[in-house]
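Residues per chain are reported as follows:
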Amino acid sequence: MRRRVLVVDDHPSFRRFATRLLQSGGFEVVGEAEDGASALAAARRLQPELVLLDVLLPDMSGLAVAEALARDSHHPRVLLVSSRSASELGAALEESPAAGFLTKSELTAEALAAFADGAP
Amino acid sequence: VRAVRLGVWAAGAALCTAVLVGTIRGHVVAAYFVGNALSTSTGEVFVVPHSQAYAGYLVALVTITLGVLVWERRPDSRTGILLVAFPLAGVLADPIVFAGSRFAVTIGLAGAWLGAVIAAHLILSYPTGRFTSQLDRGFVAVGYGFALVSAVPFLLFFDPRTPHYPWFPECYSCALPLTHVAWHDVTGVRHVLNGVGVALIVLYTALLLRKIVRAVPVARSVALPLAVVAFLAAARFATLLGLRLVAPSSNVSWNSAWDWSGTFVTLAISLTLAAGMLWGGAGRGAVADLVVALERTPPGSVRAALARALGDPSLELGLWLPERRAYVDREGRPLELPAANSGRAVTVLGPADAPVAALVHDPALLERPRLLQAAGAAARLALENERLHAELRLQLDEVRASRARIVTAGDEERRRLERDLHDGAQQRLLSLGLALQLARAEVGPGANGAATLLGEAEAELAAALEELRELAQGIHPAVLTEHGLGPALKTLAARSPLPVEITHVPDQRLPAPVEAAAYFVVSEALANVAKHAHASAADVSVTCEDGSLIVEVEDDGVGGAEPRTGSGLAGLADRVHALDGWLTIDSAGDHGTRLHAGLPYAVAAER
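Protein sequences appear in the order of chains A and B. The C-terminal position of the first sequence is numbered 136 in the working numbering, with every residue numbered one higher than the one before it. The C-terminal position of the second sequence is numbered 2098 in the working numbering, with every residue numbered one higher than the one before it.
It should be emphasised that the hints constitute simulated quantities derived from the structure, not laboratory data. Note that the coordinates shown come from a computational prediction; the quantities given were computed from them, not determined experimentally. All C-beta atoms, glycine included, are put in the ideal place defined by N, C-alpha and C. Fair warning: there could be bad hints in the mix.
Said to hold, decoys possible - Quick look at which bits of chain B chain A covers, simulated, 3 or more residues with Cβ under 8 Å:
{"hint": "1", "segment": "1500-1507"}
{"hint": "2", "segment": "1640-1646"}
{"hint": "3", "segment": "1961-1975"}
{"hint": "4", "segment": "1979-1985"}
As the list claims (entries may be wrong) - Just a sample of chain A residues kept apart from chain B, beta carbon distances all over 12 Å, derived:
{"hint": "5", "residue": "Arg20"}
{"hint": "6", "residue": "His27"}
{"hint": "7", "residue": "Pro28"}
{"hint": "8", "residue": "Ser29"}
{"hint": "9", "residue": "Leu37"}
{"hint": "10", "residue": "Ser40"}
{"hint": "11", "residue": "Glu44"}
{"hint": "12", "residue": "Arg60"}
{"hint": "13", "residue": "Glu104"}
{"hint": "14", "residue": "Thr119"}
{"hint": "15", "residue": "Leu123"}
{"hint": "16", "residue": "Ala125"}
{"hint": "17", "residue": "Gly134"}
Claimed, not checked - A few chain A positions that, by computed beta-carbon distances, are all more than 12 Å from chain B:
{"hint": "18", "residue": "Phe30"}
{"hint": "19", "residue": "Pro74"}
{"hint": "20", "residue": "His91"}
{"hint": "21", "residue": "Leu109"}
{"hint": "22", "residue": "Ala130"}
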């Protein structure tokens, strides 16, 4: 069965290509969101299994979105992505309940498949 | 205004003359019963000796003349007007010449106490004519009220032909007051009023003592001669009222020596008062001391020297800055000159169109105009010097502030550039990477080497992205803005080619310019260590001490670093100095290099 994914990023072109990449990797992209508030609403409505979540969103931090999702009864696995490196994001990233982190330049079909299969 | 003054003087002089003529021509017998009841005497018929009539006339005339002169010379002070009013009130309240006129008798009865209250007003408000204390103001207000109220029983019931004064001869030509209602014995009322009068005099004496004790030295020296005379007058008046209370029939006031003493006290009051205001002492001794003191006065202490010389510790000094057209204090802070009637006086030193300084002082100093001028002239050079100091300090402060603003604005611009790169080019390139990845997957492995080409393009793009990321990081580290100095220094340490240990970093966030400066100091220092020091390791420590952020970077390399002009370190030193900080580099010998910088953050937070 195809895994249901929500894509959250404020850059439309990134969302478009990420969606295509996910689809080509066998995922079902059930929705897209461009900021934290709509991401939370969409996650509650669509109940995806995975959320591809940008760390830097216009209204709130992706880390805060990940924390809110972790508190939800239906808590999807969250893959944080950012154009910044893990060291630049500091300790907050290490403490995040998200299941994994990738820089955007590391985002490949293979890495997504590995994450979906349970690797960090 | 001058015509008004002349008119007042002429009217006063005419009234005094009329009184003199009346007195000498002997309308005394009839008139004196009125005077008796009012203030000065009890007892028998009394004919004023001519010598005393002339003396009284002269004293009144001199006092009115002095009052008009003071009014003319010192229009800002009310003392002149009060000085004119003082003898006029006395003349009106003593209608010795017009005993047959009901109008004059009415005025005389109504104003019986007025002269005494005006004298108290004059003395308590001397030399400005304005009260410095609410208590004084209240006392004089009560005094005027008492003067009016105490006249009422006499205006209603007094009759000079009263049988209640058995020792009075008949007085057929005396007039009744216009307001006369009935004929009663007012002796008891008069005793009560005299008692209140004695109490008021005691209170007045206490207020006068308080005024003298609380005055600044110059005000005391101005007011003291007058105060001595005023005490004498009060004592004389109190004795008279007291005697009337305890021994109503004693006839001390018939004693001609007693009467002469009254004339002299009045003259002394007006003379000491006018002398203080018209002929202020030069205070040459004080100015000589000032000249000597200024020799040894360090910059910034001219105010203290002037305050000592002028005897006014409350003296404030305003230095005129011609470019700003404003006064400042010696620290360069703007100084507003007090408004008129604020209880402070201002003397501007130097020409009116190009003043050097302004002295804000106790109004009593205006009674020493020559001392003020002489002290101002003596201090001119020192003040000129002080003014240059203040101007320089002000300019230095402004340069410092603008330098800090330039650094802050530069940081802001770098932050914006970094954000633009991150949000713009970097995101597009990342999307492009994904697109290339998708294209490679679409093309598949065997399409004329297209997949290989796309793979190479992806690698090239990844390299470009990495360079762009480093460029953005170098322009301004986003981690610093978002997470503070600790995480930012950790990324620096992680990127450094040699091991870097961060021993201390403060947890709290500090003003952005301070964090940025500390970050760039460490960044540049670590870059230098990697490039030139041949070191095996470096230590970084950042601590907060007494409101300053102390940054230390040490290595175990060969030393020899120095902040040459144009080098990265020199630029850093400028950045640090712009925030009022300091930066030293100890790189002598073979103990490696130790960079030490301090950045005050309390000051930066205020900007």
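Hints and how they fare:
no.: 1; hint: 1500-1507; result: violated (count 0)
no.: 2; hint: 1640-1646; result: violated (count 0)
no.: 3; hint: 1961-1975; result: holds (count 6)
no.: 4; hint: 1979-1985; result: holds (count 3)
no.: 5; hint: Arg20; result: 20 Å, holds
no.: 6; hint: His27; result: 5 Å, violated
no.: 7; hint: Pro28; result: 9 Å, violated
no.: 8; hint: Ser29; result: 4 Å, violated
no.: 9; hint: Leu37; result: 6 Å, violated
no.: 10; hint: Ser40; result: 6 Å, violated
no.: 11; hint: Glu44; result: 17 Å, holds
no.: 12; hint: Arg60; result: 27 Å, holds
no.: 13; hint: Glu104; result: 4 Å, violated
no.: 14; hint: Thr119; result: 9 Å, violated
no.: 15; hint: Leu123; result: 7 Å, violated
no.: 16; hint: Ala125; result: 7 Å, violated
no.: 17; hint: Gly134; result: 23 Å, holds
no.: 18; hint: Phe30; result: 5 Å, violated
no.: 19; hint: Pro74; result: 10 Å, violated
no.: 20; hint: His91; result: 26 Å, holds
no.: 21; hint: Leu109; result: 10 Å, violated
no.: 22; hint: Ala130; result: 15 Å, holds
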